[in-house]
Structures are given as structure tokens and as C-alpha cells.
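Spelled out, the chains give:
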Amino acid sequence: MSERLLDIQNLSVTFGGLDALSDLDFHVDEGEIVSVIGPNGAGKTTFFNMISGMVTPTSGDIMFKGESLLGLDPNQVTARGIARTFQNVRLFANMTILENVMVAQHCRTKQGLMGALFQTGGFKREEQEIREHGEKVLGFFGSRLVGYRLNQPASVLSYANRRRLEIARAMATKPEVILLDEPVAGMNPKESEELTGLIGKLRDEWGFTIVMIEHDMGVVRDVSDRVVVLDHGETIAQGSYDEVSSNPAVIEAYLGRPAEEAS
Amino acid sequence: MSVNMNTDEAVVLASARGAFDQDWRKVANWGLICAFALIFVSLTDMPDKLDKRVIVEPLLSMGYLSLIWIPIALGNLVTREVVLEGMTQHKKGVRELVAGLSVGAIGGAGLALLIWLLDTRDLSDPLVNWNDALLEVLSFGEGVGYGAIFWILASAGLGLAGGALHVLPTTANRLLFAISLTIVLAASLESALDDISEGFRLEWLFEALFEKKGGLSVQGAIILAVFAIAWVLVLGGQAKRGRAAVTARRELSPTKVNTVGLAIIAVAAVVLPMFLGRLTNDLFTNVGLFLLLALGLNIVVGLAGILDLGYVAFFAVGGYTAAIMTSPTSPGLSPELPWWVAIFVVVFMAIVAGLFIGAPVIRMRGDYLAIVTLGFGEIIRLTVRSDWASGFTGGAQGILSIPGADIVGVATVKGTDPQQVLYLVIGFVAIAIYVSWRLENSRIGRAWMAVREDESVAEAMGINTVNSKLQAFVVGAILASFSGAIFAAKVGSVFESSFKILVSIVILVIVIVGGMGRIAGVAAGALVLVGILGGPNQPGLLAEFSEFKLLIYGALLIWMMLKRPEGLIPNVRRSRELHQEEFLQDAWLKAQANDDDDEAASGEVAPA
Ligand SMILES: Nc1ncnc2c1ncn2[C@@H]1O[C@H](COP(=O)(O)OP(=O)(O)OP(=O)(O)O)[C@@H](O)[C@H]1O
Ligand SMILES: [Mg+2]
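Protein sequence lines correspond, in order, to chains C and R. Residue numbers are given in the numbering used here: position 63 of the first sequence equals residue 63, and the series is strictly consecutive. Numbers in the numbering used here are just positions in the second sequence, counted from 1, shifted up by 1000.
Any given hint could be a false lead.
[As the list claims (entries may be wrong)] To spell it out: a stretch of chain C is covered by chain R in this simulated footprint if at least three of its residues, at any positions, have a beta carbon under 8 angstroms from a beta carbon of chain R; those stretches are:
(1) 67 to 75
(2) 94 to 101
(3) 106 to 118
(4) 122 to 133
Derived by calculation from the structure, the hints in this document are not laboratory data. Backbone N, C-alpha and C define an ideal beta-carbon position, used for all residues, glycine too.
For reference, chain R alone in the conformation it holds in the complex:
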């Protein structure tokens, strides 16, 4: 939320402008945006539905958080300026506070209007959340007048706070940001922390931080705040230096692996599940299943640039093949193979499906390809459900009583034991990461990247783009089918409804939000989206959010596209410092050319 201005030396710093020297039009615009945002969020019923999810007992709930961030953010953004080299930057002062305050007040007035309307009109026909419960939450049960005045004042105050972020020194900004992030994150992770603390015998710590009935206690929030401050002040600098060192090393040899980091992750992957409880294990399993899918799609979209919107088809192929091969009650064919044998059939079927879908669509480009894959994704699901195939797939009844996954000589993974399933998932995720990493740095991977960058040039440079893209499609299909096979063994049944288009979309959002083309990015995306918000049918840590999941996914996606198209963990290759250097060189070359031969340089224009 806080925006740290980059005060370059080249920027001319001027004294602060007067408090009322405002661009009032802009302030009014942002104020109206603030009002609309507040009303919109209220009408989605977030304040009411999320009120039960407490952040700090009794001060703040997720419901109120869904409102209060709006005036803060907009109050801050209204006076944000992009300052480029050579431009004049005014010192921040009272002007920023006034603007923030005004934006907040206008927004609050909007909300007050909503409260009044809620009381006097009944618009519950088109607006399903138009009810007394919402009025109750917004006015704290104290009546319309109280609610209206409260929100105008509160919103103005929050807007003022947002504006004040400009005035505060950078360190204070960073501290505030760290504190809010820590507290919100801790509250979001409450159930996971509960589960983990049990495994590590740290219940005392959990009890010190959280209230019994949910939410952080005031004392807990203070402890966390102190922790966040200590982290920023003591470790912040060090972490930054460490990261800079890693980035620098990456630039010199981008294919080199951070062995220490990898070892830590490997040990954690082996040890951690033992200490985790049921809930967390299950959660990580879901994250893992989607990570597996996302890694596969990352090869298809991130590396080869094929926008496949029907990726769920391969997830379904994996799930159904495993189900038919292993379930004793599978309606048609029922070979009752052990799971580890079935996985070979799964891979085979994935290759067949990859070629079957890939061959016709791969010659298309861009939008056409996206639409056709979208169609194929649905075709596979509808085929599975059709009368024609229901002899094998069970149609809408699905296939039940799929035994767990037995892996010869190692273990029998029961779907009901989250810890075992988690190990299975981790194993396959490790395979997928290895495959992604090795392929990315190989002849095939480079060809994929070239196809992504510019297909016709790749073709002209001797790459058979059709073959290349088919390979990417098939590798992606195999990884997705692994996920499907584990999914079937975990859940114990498969239904066509688990393979709707939404799954494709969620996987794509994970890849985009995380950072296309980066394995770490995809992992971060899966963790944040599936772990915290939840997958299409899987609950995340914020179970109360499930109703708003798609709204948040969408908002996140739009925001990412606008502000950070390279994803959460961007590709180091696109670091800005690198450009700087080249600009300097260009300038130097130009200066040289001018010195040497002014005339000739200008006469260099090609004959027209």
C-alpha cells in the first residue's frame, strides 16, 4: 500500500506546495472511486460474511478490513506522482494530507449514502445482499445516523493516514507495512499455525498469540508487531544484501542452482510433513496437486508460449485413467492394476491425448489457439459424461472406490492419510521441477523459448516449430496427468464435475500471478492462491473467503497485469539495472560519432 518514491539525485526537489494548492478534479475523481469501491465491496457482502473471521480480537475482523484498506490505499494513491529524471518533485507535506483526507471523506460519504438507502429503500431484488444484516454490520447496530457519521469520519481519518504515508520517512513506511503484513498474514494462517504448533509442541506460543475463539489477541498482535519491527530493523538490511548477492550470482551464471537453498527445501520437504497435522498436510497436498499442474502449464505457456485454456483435459485424462485402471467397481474395463502400474498407462494416455488435441490446434496461433483449446477442454469433460463413454467412465455417477496409491516395495499410500499423500505429491512435484529445470536448459527448452519469443523467426532459424510445440504440449500433458492420477487416489473417486473449465483458469492464474517461466514463481503462486484462498473445489486457509475467491482471483489478475505483468517472482533476466548500462553505452557511442564526424553522421540516412 505504501509507495516509496525513488528520489533520484537528478530529480529537482522543490519546497512543499500549499495545503489547498490541489488538483481538485483529481481529488474528486479518486474520492468517487473510493466511494464506489466501498459501496461495491459492501454490496458483495464481504463486510458481513467475513465479520466472523477475526484478525485481532475484538478490534478488527476480515470483514472490516475489506473496507478500511480502500480509503488508505486511495488516499495514498491520489497524490502519488511518477517522478522521472529532470522533473521537479515537490516536498511532501500538508497538501498530501488534505488530499487523502478529502478522498477518504468523499468515500465515507458514499458509504453513508448507502447506509441511508439500506434503511429507507428495499433494493433486495437485483441486489441480493441488500438486507438488514449488512445495515447492522455497517452501522454497528447503533442506528443509521451513528453509522453514517462514523464512516464519514473513519474513512476521512483512514484517507488522511494514507496521505500521511507520503510524509513519513521511508523506514516508518517500511515498518508499518511489515507490521500490517505480519498481522494479516498471521491471522490468515491461523488454522495452519494451530496445526503446525501442535506438531512442534509449540502450543504455548500459539496460545500466547491467539484467542481461543479465533483471531489474534491484542497481546499477540503487539508481540507480532515487535517481531516485525525487529525483523525490519535488524534483519532487513541483511536479507537485502543476501538477495542482492544471489541475484548478482544469477546474472553471471543463470543456469547455476543455489545448492544451499535447494538442500534446505529438500530437507524441509522430507521432514516437515512429519510434524504437520492433518489439516496442514491436506492443505499442502492441494497446493502440491495444483503446483504439479501449474508446472506443467508453465512449460506449455511459460516456456513454449502456447496459451492452452483447456489444460484441465489432461488432468481429467490422468484422473480417469488411474480410476479405470485401479478401481474394482469401474463400470467397463476394470483391470484393477496396482497404482504404480496404472501410472504407466496414465502416461501413455496422456501422450495420446496430448497428440490428439495438440496435432490439430498447434498450427494455430494466439487467440485462435486459445479458443480451440478451451473448446477441447470442455469436449473431453462432456465426452466423459456422455452416454457413449459412460460405460467406461460412469457418466455423471463417476467412478468410486478407487484404492489408494500403492507403490511397489515402498509403501501403500492411503487416500485417507494426508501425510502419505503429501509425500507422494512431493515426490511427483520434485520430478516435475527436475524435468522443468533440465528441459529449460536444453536444446529443446531453448527451442521452446524461441518459439515463444517469435514463432516465424524461430522457424527461419531452423526450428521445426510444429514438432517443438507438440513436444511441449505432450510434456505438459504428462505432468498434468500425474496430478490427476494422484488426485484420483487421494479422493477415492472421480466425477466429471471436478474437471470443469474453472480448473484450467485457476492453473493459468497461478502461473501468471506467480511469474511465468520461473519455477519459484509458480510455486509462490500455488502457495498463495490455492493455499490461502483455495482451489476451485478445495478450501484454502481463508475458508470464509470461498464465496469471494473468484472475485479476488480476478482482481488479483487485473492488478498483476497492470502493475506487475512479470509476476510475483519475476525473471531476473529482465532486471532494470542492465538496461541502464546499455543506455550509457549508447550515449557514449553517439557522442563519439558526433565528435568524429558530425556531417557524415547526419548524411547516413538511407536514400528514400
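Isolated chain C, as found in the complex:
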């Protein structure tokens, strides 16, 4: 058995009476691509928020490489090796594309005020490394984010390119696990097909373990090793894509339930 990288144990959270997530139990092994799916409001993003330390669970535990992540600040979680993207694309809009991926390496670098003021050798070397690594992760998307783009503010990017930059920024933090929140939302079929291929590459060539929230079933089918289905905070199914997609509970969750229950 490969190493159990991320282990979610009985994770629950309530927001003022609303059970956004209840008793989620699942794990991610190293080198896996796991998809989290479910209708709108199922609690998928909330789940990511808890892993990344932005929301504190009501009960349960999140173990990463055998250590609990509970009580850590988001920046500490990122430093441990878990990076994420945001569903509603939250780039640093007025910073350049290169700066966006440079700043993401903050927790992997250490030069302080003095290094910058006196332009020490160590500072210059580190700046060089930050820049090179930044250009390397941007290069992952071909020529889309490099060249003349490097020094343009992120706000000028098209929607699809913003999504790509979000992924590049997560990659730049040198993580072990990347949490992708709806990476292809808003992309056209061509673009999402391309990105599907890239998600595979993220694991195969870069060695990242990936947890992905996605509504596009084509993408989920093509890349996932396993799928977890949430609905109203409950885990209604887990397993391979084929198992899950033929599960009656899942079909009901997606296609709607009897009229009296639907809100």
C-alpha cells in the first residue's frame, strides 16, 4: 500500500445550525487523483477550506503525513505542503503574472529586510531562484503565461488564463498535494480538454497528489482514480468513477429528488 498522505477522519462542520459537512471519512494516497463531486451547496468548497485551515471543523480530524493539521494557520498548512486554488479565481490582480507565482514561494524562501536592503549575495541568488522557479511553473502552460505576459498585471488575463495562473500559483508553493476547486469552470470544451491532460501531467511529471472538485463529468471521468460524492454535507458514495456514476443515490442527487423534498 502506498503512503497515506491525507487522512480525513469524521470531519464535520456546522454553520449556525446548517450541517455544511458531516462525518466525512476518506483518505488520499500519495500520487492519487481524487475527485470530490456533488450538487451546488454540497459542502465541497467548505471541505477544501477546512483542509487549508481557513475554516475550523466542528469535529473530526485532518491528518497530513501522520500529523494533525487542526489548529494550524492557513500559511502553516501551505508550508506543510498543501496548496489550493479558488473556485472564484482570487489572483493578486494588480501584481504581475510573474509576481503572482514569485510571491507564492514565500514560505519556501527566507531572505529578510537586511538581505533586500544590502543586496547580499544570498538575496540575489534567492531572487534568481524564485524567478526561475516561477517561470518554470508558468511554462507548464506552454506559451500562454510567459514571454511578454510575465510583466503584465494578472487583471489583464482572460478568464481561462486566470484559472491557469491560479494553478501555476499553487504549483509555485512547492506542495505535495494540490487542491483544485473547479479548475475548468468557465472554460470552453477545447480548453478543458487541454487542462484535463495537464492535470494528469501534474501528477505524472511533477509528482503532485491531486484532490479536485469538479462539475464537469467528462473531466472527472478522464482523470480521477477515485471519486467522492457529497450531497448536503453527507458522503453518499465513494469509489471509482464507474462505480459511483451507476450508484442510484448519486443519480438521484444529480437528477433531483421527489418534488416534496426539493427546495
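Guided by the hints, dock chain R with the ligands onto chain C, whose structure is given.
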């Protein structure tokens, strides 16, 4: 004032509309605004108080200028239209003139009403400026009827002129703008020009332009106008091309420095003070002190996005620490350290104060943080004044007889010698600029920007936002404390009244008006606000304006927020052309997607 319409090719140009084909409601609205503005400015007493400040002798004074720009501007704005791609734009013609004329006439009628009321009623109880002097200025001492008719006609004429700006060709607009700007600027800078011309042995030039008793002579105004025209026609194109080249280079490598520009500024900073007189040196010193403060606040607000409204606290910490350390008559502790040693204590105290104030407030966000810092700013000042601390700070008596700043082995800067103080200030401003520039392009600076852009995302990207913000707070505190230490040595005394909240506000206005996040912008802001209008306690070049300083600051701030939120010298990163390109790419992508697979593209909606 003039507005150049961007006539895009995509805009459909239609023939001019008829003279009376007006939106009369709009005209009436703008007319009333014009009337209110004229009455308001009159009741602030600007026309009377500023009448002594002559622009062109004997034609125009700042007092009358405070009125006449209103009908021109509003007469122009009433027919201004935002024309977007695909919209129809009508040719400008008589219609614009009629609208301008009407707006001006309504405004003039408002002023005439005020003149009549001034004569017949006495409202001096709530309105302190309701007096005969104002009536005298408004009616030129020729009686109510004369004044009323004059202003209706004059205002209508000015409104007409404002409307006419739409009709005139762009070049004419640009020329008029350049001429008015040159003349007003020259008149504003009169005392500085007087001072500088002495230093450069150019008194003859000054005498050719200005009257002895103040103000430009008619001949001087004409010379300046010719100069402005020549500038626009000959150099205008070149300057534009040069600027475009610089901007283009900036876009390719934004962190690169314009070495030539920097060298020129450096040489000027070293050479210029030698030629400047007392007055100008002193003026630049004040500008420098505020520039130092603004550069510090720019790191805190502009880079890290922490809205600190109590920034004056660190200015006070610097001033008082330097005073206590160097003054022989300091009431409590009096080590009488030399100034250059004291500066180390100042830095230490600034760090302590930065951490002390920063630690509790830094976890707050937005409005809460602003309010709490505002409180801390006052707390520091009131503590300094309190009985509890007055054993060290002298309470309301302050600390006196602070010797100048001696800098070991280099010089002893006497506070009474403006030129020496200016050099000292320039030295520290240079340090502050270097620090800002180096930090902005470093790991720390990028973290600050990320925190400013979106704090929770910055945190999720591995930045310890609390530490980051504290660092920004402390760096800002140190720069402010330098300014305070120089201030103490320059003035020779410190009083708590020099560190009121107003100082914080003025520094913030400098940063906002200049252009947040840009060093050049902050410098421009300090020069314009402190140099021309004056600081909170420091006179500027327009000494007569000191009473209206806050009014103008406020108006400027509101106008900036509405029309140019990015500041006088905006960040090149936000250039509009860049967007254009991306829109084109989006359109192209969309078109491609549609061609390839119309069906799939529409079926791409996520399951709901
Ligand atoms: N901070 C919060 N406070 C209160 N309620 C919240 C909060 N965050 C999420 N919720 C609620 O929790 C539920 C789950 O939200 P979540 O964003 O996790 O859904 P999702 O599965 O990501 O949906 P989508 O597919 O639309 O992105 C929703 O009902 C939402 O309104
Ligand atoms: Mg979501």
C-alpha cells in the same frame, strides 16, 4: 478644465444638433450647481481674502480666479458626453455654446442674488463672512446694480467660453490649457521664483515678468503665454514621444530604473540647494519632511494596504526621542547625546512603538484597523502631554533648546540654516527612497502587495500575514521617526501640538493624491500639497491660502476619488491599452470555440 473627446473611428459622427435642441432640465441643474458653487465660494470669503494675491496685475487676482473658473468649468461640463464605441456622437456647435451660456447666466444670477441680499439683509450671525468687504469685492465698489449686472453678463460670457472649448479644435484647447496653467503656476510660485532667480543671478528675468508689488505684469503674462505656446507646439510632441518610450520600456521590465532620470535628480539634489535662497530652502525642507513621512506611509498603506490613520504617532516618537536625547534642558532624562547617536535611539524607539501599536491592531482589518490606529495616534500625543509623562516630555511646555543635528566628522547642521537642514532632509529622503525601492522588489515587498490585494488568499499562499504587516508597520515607523528627529533639530523645540491628527490626515492625502504605491507619485503629492498649499503648520507658497487649505485638500481628495482614484502619477501597470489586447484575445477564443463546436460550447454549463 478642457475635455478632449476621444473621437474613435467606431463612433458614429452625426451632424450638429440645433441650438435649442437642449436637455433643458440638465442645463437648469448645472446652472443651479454653478450658482451654488459661486455663492459658496463667495461665502467662504475667498474672493476677498485672496484678492491681495495678484496673478496678473491689474487684471486678475486669485480672489477673482476662485470665482471665474466655476462658470467656465461647468459651462464646459454641461454638454460633455461620454461617447462609447458604437454610440452616435453629434458634431459640436451652437448648441454647446447656448448650453454653456445658459449655465453661466443662471450661475451669475445666483451671484447677483447674493449681492442684493448682502446689501439688504444682515446674515452675519451664522455666516461670518457676510460683510461689506465681500459686497465691495463682488460689486467692485460700484454699487449693487453694477455688480449684479456685471456678474450675470460675466458669468454668462465665461460659461459661453467653457462651452466654446468643445467647438475649438484640440490644439487650441491644449494651447489655452497650457497658457492658463503656465500663468497660474508662475503666479503661484512667485516668491519661490523670486528666491531662485536671485541664486542664479536671473533677477532681470524675474523683473521682466513680475511687477514690483506682486503679480505678473501684463508684459510678463504675454511672455509666458508665448513660451507656453512654443512649448506645446514645438516640444509637446517630443515630450509625448519620450514619455511613451519610457512607458513602453517600463512595461517590459517594470523594476528597471531610469538611470538618466535618476542621475539628473541626484545632481539637482546636490547642486540646487546651493543656489536657492532661504525661503525656497525652507520650503523644500518642509516638503522633504513630509515626503519622508509620506514615503513611510506609502509602505504601510500603499504597499501593505494597512490604512493607518494614526501615523503621526511615529513622527512624534521620533521628534520627542531626538529632543530628549539631545536637548540640555530636557526635563527628565537629559543625556545630551550628539544627534547622530540619538538617531540610533530614535530608530530603536520607533521599532518599539511600531511593535507596541502594531501588535494589537494588526489582526484587525479594514475600517476597524483604521479607527483603532486613529485612536492610538491621539493616545500617544495625549500621553506625551499628560502629567504622568510630562516629567520627561515637558507636557504642554514641550522641550526647548534642541541643538541642531551634528553628524560626526561631516558637519554640524544648525536648525537655523535652511540650506544645511535641506541637505540633511535630502539625505534621509534618499535613504527612504532606496529602502522603498529595494523592499518593493523583494520577497518582503511582494508579500506586502499580496496582503494588500487579498489578505486571506495571501495567507493561503503561505504568507504569514501578521508578521508581514508588522514588518511594514515597523519600517514605516522608522521612516516617520527619521522625519520627526530632523523636525526636532530643525525647529529647535517640540510641542505636542505639532503632532495632531491633522498631520496624519495630510500625509495620507499626499499619498492618495500623489498615487498610492508609486514613489514618484508620492513625491509629486508632497510637492504640490505641502510646497504650494502648505503643510498642517507650515506655510506653503500660497500663504494667503492657509485659511482655505483644508477646504482645498478636501475638495481635491473628493475630486481625486471620483475622477482619478489611481493618483496624479498612476501605476503604469494599470494601463488601459493592456486590457484592449486581452479583450481581443477573448473575442478570438470565443469565435474559435463557436466555429468548432457550437453545440458543445452551450452544453458546457455546469449541472445545477
Ligand atoms: N462561512 C460560511 N458561513 C455560513 N454558511 C456557509 C459558509 N460557507 C459555506 N456555507 C454554506 O455551506 C454550504 C456548502 O457550501 P460550499 O461552498 O461548500 O458548497 P459547494 O459544494 O462548494 O457548492 P458549489 O458547487 O456551488 O461550489 C452552503 O449551503 C453554503 O451556503
Ligand atoms: Mg464550491
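- Quick one: which hint numbers does this structure break? Sort them smallest to largest. none
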